[in-house]
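2 protein chains.
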Amino acid sequence: MNLFANVNCILMLLPNFDQSMRQFYFTPGPSQLYFTVEEHIKSALKENIPSISHRSDSFKDIFRSTSLALRQLLNLPQNYHILFTASATEVWERCIQNMVQFESCHFVNGAFSKRFASISAHLGRKATSIEAPHGEVVDIKSVLIPESCEMIAMTQNETSTGAAHTLDDVNKIRKGFPDQILALDVVSCAPYVNIDYSMVDTAYFSVQKCFGLPAGLGVWIVNDRCINKSEGLLNAGLSVGSYHSLPELILKAEKHQTPETPNVLGIYLLGKVAEDMLNKGLEMIRRETDYKAAVLYNAIEQNPILQPFVKKSVNRSKTTLVAATTIDSNHIIEKLGEKSMIIGSGYGNYKKEHIRIANFPTHPKEHVEFIADELIKIRD
Amino acid sequence: MNLFANVNCILMLLPNFDQSMRQFYFTPGPSQLYFTVEEHIKSALKENIPSISHRSDSFKDIFRSTSLALRQLLNLPQNYHILFTASATEVWERCIQNMVQFESCHFVNGAFSKRFASISAHLGRKATSIEAPHGEVVDIKSVLIPESCEMIAMTQNETSTGAAHTLDDVNKIRKGFPDQILALDVVSCAPYVNIDYSMVDTAYFSVQKCFGLPAGLGVWIVNDRCINKSEGLLNAGLSVGSYHSLPELILKAEKHQTPETPNVLGIYLLGKVAEDMLNKGLEMIRRETDYKAAVLYNAIEQNPILQPFVKKSVNRSKTTLVAATTIDSNHIIEKLGEKSMIIGSGYGNYKKEHIRIANFPTHPKEHVEFIADELIKIRD
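Heads up: the sequence lines are chains A and B, in that order. Under our numbering, residue 439 is the last one in the first sequence; the count climbs by one each step, no gaps. Under our numbering, residue 439 is the last one in the second sequence; the count climbs by one each step, no gaps.
Do not take every clue at face value.
Which copy? The list can't say, so a pair holds if one copy fits it or any two copies do.
[Stated by the list, open to error] Cut-off 25 Å, straight-line C-alpha distance, at most; resulting in silico cross-link-like pairs (DSS-like, lysine-lysine):
| # | residue 1 | residue 2 |
| --- | --- | --- |
| 1 | LYS173 | LYS185 |
| 2 | LYS105 | LYS411 |
| 3 | LYS234 | LYS394 |
| 4 | LYS424 | LYS185 |
| 5 | LYS314 | LYS398 |
| 6 | LYS424 | LYS105 |
| 7 | LYS410 | LYS119 |
| 8 | LYS105 | LYS394 |
| 9 | LYS314 | LYS436 |
| 10 | LYS411 | LYS314 |
| 11 | LYS314 | LYS173 |
| 12 | LYS398 | LYS231 |
| 13 | LYS339 | LYS231 |
| 14 | LYS173 | LYS231 |
No wet-lab data here; the hints were simulated from the structure.
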């Protein structure tokens, strides 16, 4: 990899990487835009996409084709529905409102899975958290899940710690708890991780991670069990929210619409990027992601001031890599920043003790190799 | 006005109005983008705005400058706060969750004010609706408002019917009911209507109307009374929502942030357009809006197949003009569509019986005059 140690040499090799100090974002979301997004925005403006009515046939066509592309990309089973929200954070709230009357259970492998539990509590439900030590995932062999809980929430890939559940963990929980709604957070791993969505009832992500889109749109996948649960609560006279209750969202989605005026441009761009990914081929994207993750983890392990925060390699995220640092992470971030590569700091209390590097489909392997080379060289 | 009857002549006079069939949207939102938006999007892409972290100083600067520009443009009093949501529809839900424990009262002058009432009911509150006959506003002299209601909701400008309350109506309700939270819907009239925000407790709009921006962002203005009410409910052990509860939104806004990853690009663009409007001058925008509305209403009154749906001229919206038609509105919409001018159909059951024309700050007076000339000529 030290082939690329000479920066000027790299500058000529990389597409769009000129000396005008254009920066490249390896932050774990928002991150670098997918490399086709700028062109799609230009086309959208030319086609007046931001001006069309959200009740028009043109919008219904956009809704339909974005859903279709996502359905294909994620290989969704028939009875799974795609809904649009403002963010994945919103989905947390909607999940609880629509599918939990009394009690939810949360596997906590970082700050975001923890926040889902706190949202359940804010909404007046009993939220049981099963917390893993920092940098680990919950050991599913030893968990005690209350049978009374209506929903089990797992976060496949924790953006805060880089601790990722194996799909085997998810499948075992599914088999052990067939009666609970199983909710899977795939915010920073879809569509990279090859999830069998028939093993979960609901899943969700936001578009500013692996899809490389401007933030402001969440995608919520639900199966018919979720809808039945929500309708059951509604029929029992309980409130399941208003314009974004599951029944309202489904009613409109069946007509290829949303209850409110949505982020039309965001839905359009998501469809275009999903199509681009289909055209490139998800297998290729997955292979590239694996390669780039290997290059980065290798560099992290070679430098004595760095080590992967997640000890068990089977639980190390391939899309949001977290390394513990023996020096102030700011020093590393600045060093890479001088080379136009913007990586993330640690999350929350780990701000100065960790670096986080996104490895999304848009991040070219040449840039990743360059970052790896720099990481190896950094000393205190 | 018939000076402009020759289309080819007009084509040369109008900026950007070439023969390549570029369409101009006079639909009442989403509508034509504000004329500077395309350039701002290009700048945003160049500056990597969609890639920056929503916890970074760069984002805080954007939040701060957008708030500042809006505060100036709307002439907001000191103790009023600007918050960002995904839509005005979301604000309806948040208003009820945070400020109504038992009962809200809604002045209904069209479909959107009615929907606010239904959202309150969906959330389990008693929602009293005071409905005006279609095409009118509630006559405030004869209303019976339950003293027990905690919030009174008024819609200054009804996008569905074009029926607009006078500011005198709003002020009288304020004076008559000083103890209730007064919520004012300014979705399709801000910043055109010169509202004294100190007369209301909360107001809200979405950006795809007068601001001419891509949809996917709502702006929620609240004063300290709103926050106190929400905190009171929270302290009494009630749920006021989760990530977008007023206390959570305020806590983050004080740090120039949002609880979730927001529509960063949308917030950036809103700030830029608000600054553009300040530079142009709101007085100029208001004078132009008045002139364009007069031109359009004059045309509507001249053609026997059209008449303003709102009978009382004092209640006729200047920003969303609605005309009843004696012929199928589709015929009129198609005629104008052939000339690249896209106007809206009637709302809901009035789809075929009304046309709706947006008169937003971005709509140039030359286009409006052209539409007026065409409207006068249309026959069955």
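Hints that the structure is at odds with (numbers, increasing): Of the numbered hints, 2, 3, 4, 5, 9, 12, 13 do not hold.
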